[in-house]
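*Asks:* Each chain, written out:
Protein chains: 8
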Amino acid sequence: MKNTLQLFRNGQVTMEEVLNQLKTYTYEDIGYARIDHHRAVRQGFPEVVFCQGKTVSQVAEIMHRLAAVSPNVLGTRANAEMFAAVKERVPEACYSEIARFITVERQKAVADPERYIVVISAGTGDMPVAEEAAITAEIMGNKVKRLYDVGVAGIHRLFDQHEIIYQANVCIVVAGMEGALASVVGGLVAKPVIAVPTSVGYGANLHGFSALLSMLNSCAAGVGVVNIDNGFGAGRLASIINSMR
Amino acid sequence: MKNTLQLFRNGQVTMEEVLNQLKTYTYEDIGYARIDHHRAVRQGFPEVVFCQGKTVSQVAEIMHRLAAVSPNVLGTRANAEMFAAVKERVPEACYSEIARFITVERQKAVADPERYIVVISAGTGDMPVAEEAAITAEIMGNKVKRLYDVGVAGIHRLFDQHEIIYQANVCIVVAGMEGALASVVGGLVAKPVIAVPTSVGYGANLHGFSALLSMLNSCAAGVGVVNIDNGFGAGRLASIINSMR
Amino acid sequence: MKNTLQLFRNGQVTMEEVLNQLKTYTYEDIGYARIDHHRAVRQGFPEVVFCQGKTVSQVAEIMHRLAAVSPNVLGTRANAEMFAAVKERVPEACYSEIARFITVERQKAVADPERYIVVISAGTGDMPVAEEAAITAEIMGNKVKRLYDVGVAGIHRLFDQHEIIYQANVCIVVAGMEGALASVVGGLVAKPVIAVPTSVGYGANLHGFSALLSMLNSCAAGVGVVNIDNGFGAGRLASIINSMR
Amino acid sequence: MKNTLQLFRNGQVTMEEVLNQLKTYTYEDIGYARIDHHRAVRQGFPEVVFCQGKTVSQVAEIMHRLAAVSPNVLGTRANAEMFAAVKERVPEACYSEIARFITVERQKAVADPERYIVVISAGTGDMPVAEEAAITAEIMGNKVKRLYDVGVAGIHRLFDQHEIIYQANVCIVVAGMEGALASVVGGLVAKPVIAVPTSVGYGANLHGFSALLSMLNSCAAGVGVVNIDNGFGAGRLASIINSMR
Amino acid sequence: MKNTLQLFRNGQVTMEEVLNQLKTYTYEDIGYARIDHHRAVRQGFPEVVFCQGKTVSQVAEIMHRLAAVSPNVLGTRANAEMFAAVKERVPEACYSEIARFITVERQKAVADPERYIVVISAGTGDMPVAEEAAITAEIMGNKVKRLYDVGVAGIHRLFDQHEIIYQANVCIVVAGMEGALASVVGGLVAKPVIAVPTSVGYGANLHGFSALLSMLNSCAAGVGVVNIDNGFGAGRLASIINSMR
Amino acid sequence: MKNTLQLFRNGQVTMEEVLNQLKTYTYEDIGYARIDHHRAVRQGFPEVVFCQGKTVSQVAEIMHRLAAVSPNVLGTRANAEMFAAVKERVPEACYSEIARFITVERQKAVADPERYIVVISAGTGDMPVAEEAAITAEIMGNKVKRLYDVGVAGIHRLFDQHEIIYQANVCIVVAGMEGALASVVGGLVAKPVIAVPTSVGYGANLHGFSALLSMLNSCAAGVGVVNIDNGFGAGRLASIINSMR
Amino acid sequence: MKNTLQLFRNGQVTMEEVLNQLKTYTYEDIGYARIDHHRAVRQGFPEVVFCQGKTVSQVAEIMHRLAAVSPNVLGTRANAEMFAAVKERVPEACYSEIARFITVERQKAVADPERYIVVISAGTGDMPVAEEAAITAEIMGNKVKRLYDVGVAGIHRLFDQHEIIYQANVCIVVAGMEGALASVVGGLVAKPVIAVPTSVGYGANLHGFSALLSMLNSCAAGVGVVNIDNGFGAGRLASIINSMR
Amino acid sequence: MKNTLQLFRNGQVTMEEVLNQLKTYTYEDIGYARIDHHRAVRQGFPEVVFCQGKTVSQVAEIMHRLAAVSPNVLGTRANAEMFAAVKERVPEACYSEIARFITVERQKAVADPERYIVVISAGTGDMPVAEEAAITAEIMGNKVKRLYDVGVAGIHRLFDQHEIIYQANVCIVVAGMEGALASVVGGLVAKPVIAVPTSVGYGANLHGFSALLSMLNSCAAGVGVVNIDNGFGAGRLASIINSMR
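Protein chains in written order, with the numbering used here: chain A, 1 to 245; chain B, 1 to 245; chain C, 1 to 245; chain D, 1 to 245; chain E, 1 to 245; chain F, 1 to 245; chain G, 1 to 245; chain H, 1 to 245.
Just so you know, these hints were derived from the structure itself, not from any lab. Backbone N, C-alpha and C define an ideal beta-carbon position, used for all residues, glycine too. Be careful, since some hints might not be right.
Think about it this way: if two alpha-carbon atoms lie no more than 25 Å apart in a straight line, the pair counts; the simulated SDA-like pairs of lysine to any residue are [stated by the list, open to error]:
| id | chain 1 | residue 1 | chain 2 | residue 2 |
| --- | --- | --- | --- | --- |
| 1 | A | Lys-143 | A | Pro-128 |
| 2 | F | Lys-143 | G | Asp-29 |
| 3 | D | Lys-108 | A | Lys-145 |
| 4 | D | Lys-108 | D | Gly-53 |
| 5 | A | Lys-145 | B | Glu-97 |
Label pairs and their calculated CB-CB ranges [stated by the list, open to error]:
| id | chain 1 | residue 1 | chain 2 | residue 2 | range |
| --- | --- | --- | --- | --- | --- |
| 6 | F | Glu-92 | A | Asn-79 | 43 to 53 Å |
| 7 | B | Glu-163 | C | Ile-164 | 36 to 46 Å |
| 8 | G | Ile-98 | A | Glu-97 | 41 to 51 Å |
| 9 | B | Glu-28 | G | Ala-84 | 52 to 62 Å |
| 10 | A | Glu-97 | H | Asn-79 | 41 to 51 Å |
| 11 | D | Gln-107 | A | Asn-79 | 35 to 45 Å |
| 12 | B | Val-41 | C | Asp-112 | 46 to 56 Å |
| 13 | E | Lys-108 | F | Gly-44 | 51 to 61 Å |
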């Protein structure tokens, strides 16, 4: 890095080249993890910690390190015990039980109220995943509107709210069971639709595979699909799209 | 709606058109749920609450709201804790442990004893799903006969009861393992057969997929299949068919 | 059989018992097949020949034998070569290329125009399966209305025809890809809905499994599902239901 | 519609309401298809014809009808015979053999050269799907750059082109086999990544399922996935995103 | 081997030990195949050639070598071209088109007419697999009775023949689609039942997997299952069982 | 039944016909179960109770009823609580914890020591299933030899015991993981081999599917397969075969 | 064995032949297990005990017997209770909680520091499996370097360590989710790469199947794959390869 | 690159660093492909062309370019037409019909006869895949011994050749159906075993998945698995291992 900067001072490399190099080099090695501090430079938001499968102390340590250099930090699929451990070291940390999120949000982003993301869910049972998507988008600086329990078995509930849908900048559709809602919304709008299958249902829903396959086979073009129950991924992608000018 | 009714008063739209519009417009929004009060108009029975995946307080609130406008209400896949919470707010509520149903039945429908639905199950282990189907049909106003544990490994037990089967108006066949009973019954009768695969079994039954595939591939035509363990769906469909004149 | 009839003549068994026995006993053995001539007694329509997987001469022989005792006969999944062979022996035989049906229809059933079955399909590619269902229902004595290419990607095409749907006695919904149409229709009507998944699509549609799973997991109750591409089965079940009084 | 327009003339409904209604009502019924002429109003591009599974004459008829009202028309998964039939009725039609597209492009859209979409493919065998995506985006008015055969087995080929990737507005990643490329690109950029799994490979690739699962499980957030080999869907989604301001 | 025989002559090893060793040692190496000439000693019938996947000349060579030392030889899944090549070198060879078998049967085994194997099939389409089983059993020295097209959709056809089933020594049940026949037969008899799923059917039959799962999950104990379409394996196992005294 | 017996007394039907009828008619109906008391007549052993999925009181009641008319009774997949309840009502009942069996064995069958069944297992973890098979065969009157932990990773342990294998009348092979043992044993002997896949293993063993597929695809002919972990079914089938003369 | 040794003393068989025979003959039979003491001769390390699925006392007994004849012993997938029981009988036993290993290591192997194995893992959650691999390799006498949390979402973390990777003798790559890391490493090095898919992830990761399929379809040649979460197998294979000269 | 070399001339970077950089930078861009000329530097053998899915002219062009800079070139899964086109431009090219390989071998590697790879196959039908592995290893400079048709159904054929197996440096095991051979060989030797599942078989072999799962679940440790039918991958991995010193 020093070399590059020296060359930069001599005018031999451009500012842009330096920044590009910065995008690729720095992280912190703590043995069981290499914390990617420069993801914020590279992707506009710091590394997000996927807590599931890590020990409580690993989660606490990693979030502590991230919080030392970034104002905002996010931990997904966290349980209450993990939150307690993080809270001890990062007092500003908050916990959303429904979304299973640990959040540190010291620098509230100012969201553009005209460019909102709508999160549409099929049933009440899909709410945890829908909230995961909504909170992710909010912490990354977007205005979010929620439209819950508008599944196709009572489709007038959806059409009744068409104005909210038509005026949104990005749509996130969260649905389990047969996941039909994604196709219906996809056929209505000319904006990007991000579909999140959920594991809500039983039997032949195959833990969410039924909704996943439905969404991938949507007869409406313009639908991008993320993993089953991956509300975070949908919120992240919606945020990236919504920030485009 | 007002507009339509005004036009109706002026004789510009017919009664039928008004009712059709009514079928599509009204529901109650309580944030995490949009209660579809007009499903009773549209489909002849109020919205049924799928309790699994909802919180206890969500279940209690939704059933309370439904019970405020409908005499009969049904909650499926409910546990005892949910029932207790509902009972507090809707004292007439009852609970069937075997079928995992919360029922409010203030207006007992008068069933036609000549037009009965028979629920046939292969084994004792299929009984919870069979009861889910039977109670659903009963609360929706049908006479139900039960014929349990007549699986094909001792097929004389089935043939011995052929009169009950031949005279039924609709047959529901509930079976796990290899699900062969649906094909045998389907080959005997000239009435609609609704097949419910159950997750009873182990190993290569794949949590009910084996029975599901069997029933879908039935060599007997005239068999409609519902999701694994979906006794409710079968009871609902049988009731719709049985109410046809 | 003789015994029973003797007892009947002596007044020892009732007419009903005789007919029930008749339902179970007679067929014709031609070596590679046992033709079930009394299915017409038992189920109201003669045995239907599933032609696929049989040799041309087997198909011709079996249909010839059936045509000798029944006015109307149906062969499904037949190719042109099979039809030619049948035609030689049963000159009244007709062929529907799109539905792959060989039909003999010497006694046109009089359909009740008030009690019609509507066959709704999602896309033009689903038409062969939809026609299989429609023609099956027609040959079994039902009036059928067709509503094709009304998939959810342009859902106004469906709602535009809601009168035809609301007034139907039974709905058959034929859809491939994500099969969302079945849930949408199932949520609108209070009549039985029979869902037929088709293998239309590619990739993650898994040769129709995607639509099948969707339909089994439909959030709308009252939907019975048949095998992938099984238009015949849907038509048969719809006909049984439609004939109920 | 007339009613609405009358009300509009009277000032009783707003222009916006009229346009919204227009979005939902008009199509042309030709029996086996209902051509959705107003998709252009609703979604900014006319209905795209999925030719596979339709007969040659159906394709020709539908594309002819669309071409009568829209300057630009697109048919996907078309074969040479279909093209010949279309060409006879719509002389301006062109055919891309590699992408299997029939295109009519009478009104070339002016693409913004600063906001380009990059289509990145892993191997030469993925090229037909990559071209499907690229041409779709081009016909819908986008500048497209192609970066082919940069799979992770020789990852320096990818990094060597990082400037093209960093400066793109939207990335489409097309890969078969293990589909690892989507994760690598997803980790590099802060722009939306649309991943297209292809069926390239053999054995345990399960006709593209292996790449599909990889992409859905991408450890890089911000990746939206479409169906296996669905280059068209990816191009459509990328175009929608790229047109956002 | 010489060593062992020398020791045997000296009385140091018993006759039984010599025979056991013989069971394990001799074969003929022709490069692409090692022909197991002593399988006849070890298992009572010479090596059976699985022709599918071998070249025509490999099949001809291997069968020729086997025919040089064994009076009876069997090749399964053979096509007509393979047969022609074998016939040239082993003039006594015969071909069964329906079972796709090449047989050399110079020493007709004398079957015990009292101990017969019954091959029961569900439909006419299952006949090729049923014949594969029947002919295998016959060439290995068993009397076989055939009971075809007695599937459960017309179950009286099966019960009508119960005497043939009750008096059989071993039952082979061949069925596709939902494979229910195996459970019904398994529940009737106290003799071994060998179930052969076939790939007859379509859609959710998953090329025979549906019948396979059914048979594995049979509620009737005493059913052993072989691979899909594996008539040969069933015939072989039935023959081994039938030869027990 | 009375009729038949009267005719029998008159010499109009034979003894054999009476017994055949007896095989098909009698059972006891206790509401949630129809106990098949004549299975002993029909299949040589009374109905076996599959306890899993039944309530404790159902198990106790059913086994009590069976024990009232049969000297020997068997309940499979039973837990300790079920056993305690049965024990209260049938004091002679015993429990095998490893095989999860409740057994009542008041009439010990005399086994022929020359005609034994060998139960061969691949690993120590397969022992519960192996014991299920062994005890089933013993209670049904067979001599059983056990050969455990002789999997193919140390194949000399198997060959070392070849005498026990060669001299057995029937072989049961119990194996999890890759299930290779069934093929190796199947290639050695000329006696029936019954293969039982177990769910022992992890990851890509897919809860026993890996071993199941292996056994179904065994390159050694003469292998019949039962469901995953179905030791009982294997023991039952082996017993039927072993009792043949 | 005696015979062979006698012949050896007489010079009739060579030393090599004796050793080869030794490789195949000796084990200890303790009823539920046959302990393969000569695996150390045959494969260079004593039998490794797969503890999962064995009872605590079986594990203790087997490890005790192995420890009686071998200096080093390994038990995998062991829990703390098993360890306690082993410790009582083999006081030198140690336990790795993260790898779930019981180890007895009385004769520390001297590892060659120049020929090291590198264990590379994608995320912190993959650490238990990575440690299973690393400790296995260490106890079998190899120097191991660990490179954890270098997944492709931040690929600079991997490239930053390229020297450690290039200079390794064998690479083990441990990754869940989409398992892309194996392909990236496989494309960089000319040394054997052993890929271990893990069950880390959720939804469409199908408990590790997604990573497994990715690794099997790697576009980089030279990658051998082991079972999901099978760190032990990878460590064992790496050790065998690393010991080659 | 120039920069680095300049620095190298000045003594500022070491030779090793230069070579490492060379490993990562050079390739040739021909539009639809980026030919990785430096794979020979990085991995010891030039890029291998996977011909399947490429057009004939693409194959010819790519192989021609590779042959221009490398003495030895390999194209896998090539058909005769591709070969003809390559031959025209690279006259030394040869074709192996059985392995579907196009090879250019202008610099025959000198193989060490003491360090051979043994390729073991289960049946004659596995030969194409076995040859793919064997020829790959040979062209990469290894001595190869072939041991074909030694599947476990006649396991003495395998044991008879144990010397060849014990003395090999690396074992490749090629098997379809149940793939048991890999476990048997894996239990015998202390050398690396590479298992190649093949798609040989039918029905429940699931196009090779059955053998694949078997091999992944092998009870013998030390087995690395490659994709179904991937003989090339196995040969490549074996060659890498065999070249280690």
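*Asks:* Work down the list of hints and note, for each, if the structure agrees.
*Replies:* To see whether the hints hold, each was checked on the structure:
1. A:Lys-143 to A:Pro-128: 19 Å, holds
2. F:Lys-143 to G:Asp-29: 21 Å, holds
3. D:Lys-108 to A:Lys-145: 37 Å, violated
4. D:Lys-108 to D:Gly-53: 29 Å, violated
5. A:Lys-145 to B:Glu-97: 39 Å, violated
6. F:Glu-92 to A:Asn-79: 43 to 53 Å: 50 Å, holds
7. B:Glu-163 to C:Ile-164: 36 to 46 Å: About 40 Å separates the Cβ atoms of Glu-163 of chain B and Ile-164 of chain C, which means 36 to 46 Å holds.
8. G:Ile-98 to A:Glu-97: 41 to 51 Å: Taking Cβ atoms as reference, Ile-98 of chain G and Glu-97 of chain A lie about 29 Å apart, which means the hint is violated.
9. B:Glu-28 to G:Ala-84: 52 to 62 Å: 59 Å, holds
10. A:Glu-97 to H:Asn-79: 41 to 51 Å: This hint is violated: roughly 60 Å between Cβ atoms.
11. D:Gln-107 to A:Asn-79: 35 to 45 Å: 56 Å, violated
12. B:Val-41 to C:Asp-112: 46 to 56 Å: 27 Å, violated
13. E:Lys-108 to F:Gly-44: 51 to 61 Å: 34 Å, violated
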